[in-house]
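Visitor: Below, each chain spelled out in residue letters.
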Amino acid sequence: MIIDAAGRDHRSLNEEIRKGDSDITINGCLGQRFIASGMDNVRILINGTPGNALGAYLDGADILVRGNAQDAAGDTMNEGRIVIYGNVGDAAGYAMRGGEIYIRGDAGYRAGIHMKAYSGKLPVMVVGGSCGSFLGEYQAGGMIIVLGLDKERPVVGNFCGTGMHGGRIYLRGDIEGLKLPKQVSCKKAGSDEMEVIEKYLVEFSQLFDVPYEKIADKEFHVLTPDTHNPYKQLYVQN
Amino acid sequence: MPVDFMYPEYEIARNDSRCIRCRVCERQCANEVHSYEESGNFMLSDESKCVNCHRCVSLCPTRALKIVKSDHCFKENANWNQAAIKEIYKQSGSGGVLLSSMGNPERYPVYWDKMLINASQVTNPSIDPLREPMETKVFLGKKPERIERGPDGSLRNNLTPQLELAMPVMFSAMSYGSISYNAHESLARASRELGIFYNTGEGGLHEDFYQYGENTIVQVASGRFGVHREYLEAGAAIEIKMGQGAKPGIGGHLPGEKIVGDISKTRMIPEGSDAISPAPHHDIYSIEDLRQLVFSLKEATQYKKPVIVKVAAVHNIAAIASGIARSGADIIAIDGFRGGTGAAPTRIRDNVGIPIELALASVDARLRDEGIRNNVSLVAGGSIRNSADVVKAIALGADAVYIATGALLALGCHLCRSCQSGKCNWGIATQRPELVKRLNPDMGFRRLVNLLTAWNHEIKELMGGMGINSIEALKGNRLMLRGTGLNENELGILGISHAGE
Chain A
1 MIIDAAGRDH RSLNEEIRKG DSDITINGCL GQRFIASGMD NVRILINGTP
51 GNALGAYLDG ADILVRGNAQ DAAGDTMNEG RIVIYGNVGD AAGYAMRGGE
101 IYIRGDAGYR AGIHMKAYSG KLPVMVVGGS CGSFLGEYQA GGMIIVLGLD
151 KERPVVGNFC GTGMHGGRIY LRGDIEGLKL PKQVSCKKAG SDEMEVIEKY
201 LVEFSQLFDV PYEKIADKEF HVLTPDTHNP YKQLYVQN
Chain X
1 MPVDFMYPEY EIARNDSRCI RCRVCERQCA NEVHSYEESG NFMLSDESKC
51 VNCHRCVSLC PTRALKIVKS DHCFKENANW NQAAIKEIYK QSGSGGVLLS
101 SMGNPERYPV YWDKMLINAS QVTNPSIDPL REPMETKVFL GKKPERIERG
151 PDGSLRNNLT PQLELAMPVM FSAMSYGSIS YNAHESLARA SRELGIFYNT
201 GEGGLHEDFY QYGENTIVQV ASGRFGVHRE YLEAGAAIEI KMGQGAKPGI
251 GGHLPGEKIV GDISKTRMIP EGSDAISPAP HHDIYSIEDL RQLVFSLKEA
301 TQYKKPVIVK VAAVHNIAAI ASGIARSGAD IIAIDGFRGG TGAAPTRIRD
351 NVGIPIELAL ASVDARLRDE GIRNNVSLVA GGSIRNSADV VKAIALGADA
401 VYIATGALLA LGCHLCRSCQ SGKCNWGIAT QRPELVKRLN PDMGFRRLVN
451 LLTAWNHEIK ELMGGMGINS IEALKGNRLM LRGTGLNENE LGILGISHAG
501 E
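Residue numbers (the numbering used here), protein chains in the order written: chain A, 1 to 238; chain X, 1 to 501.
Among the hints, erroneous ones may be present.
No more than 25 Å apart at the CA atoms, straight line, and that leaves these computed lysine-lysine pairs for DSS-like [unchecked claim]:
| hint | chain 1 | residue 1 | chain 2 | residue 2 |
| --- | --- | --- | --- | --- |
| 1 | A | K199 | A | K182 |
| 2 | X | K75 | X | K90 |
| 3 | X | K423 | X | K258 |
| 4 | X | K258 | A | K121 |
| 5 | X | K437 | X | K49 |
| 6 | A | K151 | A | K179 |
| 7 | A | K19 | X | K437 |
| 8 | X | K265 | A | K121 |
| 9 | X | K423 | X | K90 |
Since the hints were made in silico from the structure, they are not lab data.
If we strip away everything but chain A, and leave its shape as in the complex, we get:
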């Protein structure tokens, strides 16, 4: 089904999507928010620019955006996939618990904040370009991969991994000068660690037609928290 988004608000757009077709193309998308909120079992191609909270609480749907996306894409996402051919705004993948987000370009501030993993669910976010400050703050699980393709340093902004207490952040290329909080350790990714992300890198390469060799031509560093209980020592019973 093809939906012309022109003149539609988010409510009518989502009502149209929910009508039951499993393959949907939205043309002329111009800032409509909440597209596919909480949806499963549908494949949506969006031509244009979806508004904030694209795929919030997503529960299995597959979304492709031929363009940029705005803030809070994949907020509290549980399952499914969001692929963005352009850039994405702030707070992408906020508190996501499962599913995958692929971004060809850059992500704004606060990407992957409070990402978590649970049981069989392992959220993954791959950013082709660079990320703003506060990447992976409070990260409790899952994986954030920043490739920094065609970027000068730095690939991430300030305060990366503040309060991080689970999961991993992979950064490709030179990270000299990157300041990390005390509880986060950083080392070069070994072959075991690269094996874990290989399939996501292959997926990225195929989705965006970027040669795999280009991605693999630089080393990756992996950031992990030292403890799952970063706040344990702070309190005294009163």
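Given the coordinates of chain A, work out where chain X should sit on it, guided by the hints.
Guide: Just chain X now, with coordinates in the frame of chain A:
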């Protein structure tokens, strides 16, 4: 260091002539205060571990026990009182942030106790609730601005989703994790029986309790624990937690050692991992952003459920509420500074926020002034202790109230304020199976039903006395209140006259 020695605050007074050495006290105390000395056949107590929860006292078959406050004291000082001195010792010994639980216990004014309720005499006769029907049912949600009719003149239903409460009281948010499975079951069953709602808090909804969904408010907090589509669809309403009266401005933190078994499953995070709710929602930096979360939740649940926004009562609460009332939220819940908690930094709990009475009155007045009062319903919480507090809250402008500490008391809590230890002897604020089973949900649920059924009778009687037969007619009816011992500013904010005026 000798300076770190704290003389115990309580003493165990054991009447040895009554004690039969049955050792119930020893078995019942998770703090391990009591022990039996076999060689001499007597009971010992280590009062330094006592939290004064009365579990042993309540179960002693011969009434041989009582807990008394120690008369050991520091030199009297109205400024440097005992607590102030001890807190210095604790912090200088440990370097830690002081952590407390339950609501602010300090001596700030309780405005409920400074307001008196009216009654009819001679004219506008009082109503006897035993004789005449009294209405305590309320509907929470946005009310339409005008009546709309179809072409044939019939009424068009332009109501947005509403919560129907048989009486204007709900159980406020307490997460599974901070309180036990049996406590949650008691709240859920009581809500169904009473025709009201309980609130999951930010810990997710246990799969066993989905069956109570029609009487459940599901909460979405900054950590988004256990939030997924089925969870959102399970509840009758969704509450966005922006703040909590006991700890405005800070987040929550359930330590990894409490994230075990079902708690981990319900929160959807791995066992042993800390559950950290950051202070802000990192996708909400403005009313516009809040509006976005409200509508993303409405979209995810197809506009079938009202959305509540819960905030702590703080200095600019009227302006904040005015923003929320324009955010698309259907209900605003305001939590006063006496609201309870499973754990909060002592300094925050005791020093941040404002009384719910003043917050509620100023919010109601502000929304009326701006002509947007009917955009939202108001729910007041943060130490509603009895039915008179409920009536006063409604007269100040609340549509309904939230209670939690009162509900826990009904379940057996003795307000020992040691929830953070996880060793609640009454089976409420604990996850230890041997303690949890002490709270029988069959009895817990009955006690909650008893409590609120009694309150409902009292509310009707108070209303009848005022000559009011419907809770709607009491809402915001500040003529029914008078203040005692309040200054002009306080009277002005509460919007009431002084007694005798």
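Visitor: Compare the structure with each hint and give your call.
Guide: Verification of the hints:
With a C-alpha separation of about 30 Å, the suggested pairing of K199/A with K182/A is violated against the 25 Å cut-off. For the hint pairing K75/X with K90/X, the CA-to-CA distance comes to about 19 Å; that is within 25 Å, so the pair holds. With a C-alpha separation of about 11 Å, the suggested pairing of K423/X with K258/X holds against the 25 Å cut-off. For the given pair, K258/X sits about 21 Å from K121/A by alpha-carbon distance, which is consistent with the 25 Å threshold.
At most 25 Å may separate the alpha-carbon atoms for a hinted pair to count; K437/X and K49/X meet this at roughly 22 Å. A hinted pair counts as satisfied when its Cα atoms are at most 25 Å apart, and K151/A with K179/A qualifies at roughly 18 Å. Taken as a hint, the K19/A and K437/X pair is broken in the structure, with Cα atoms around 48 Å apart against an allowance of 25 Å. Proximity of K265/X to K121/A is assessed by CA-CA distance (about 12 Å); at most 25 Å being required, the pair is judged to hold.
Proximity of K423/X to K90/X is assessed by CA-CA distance (about 21 Å); at most 25 Å being required, the pair is judged to hold.
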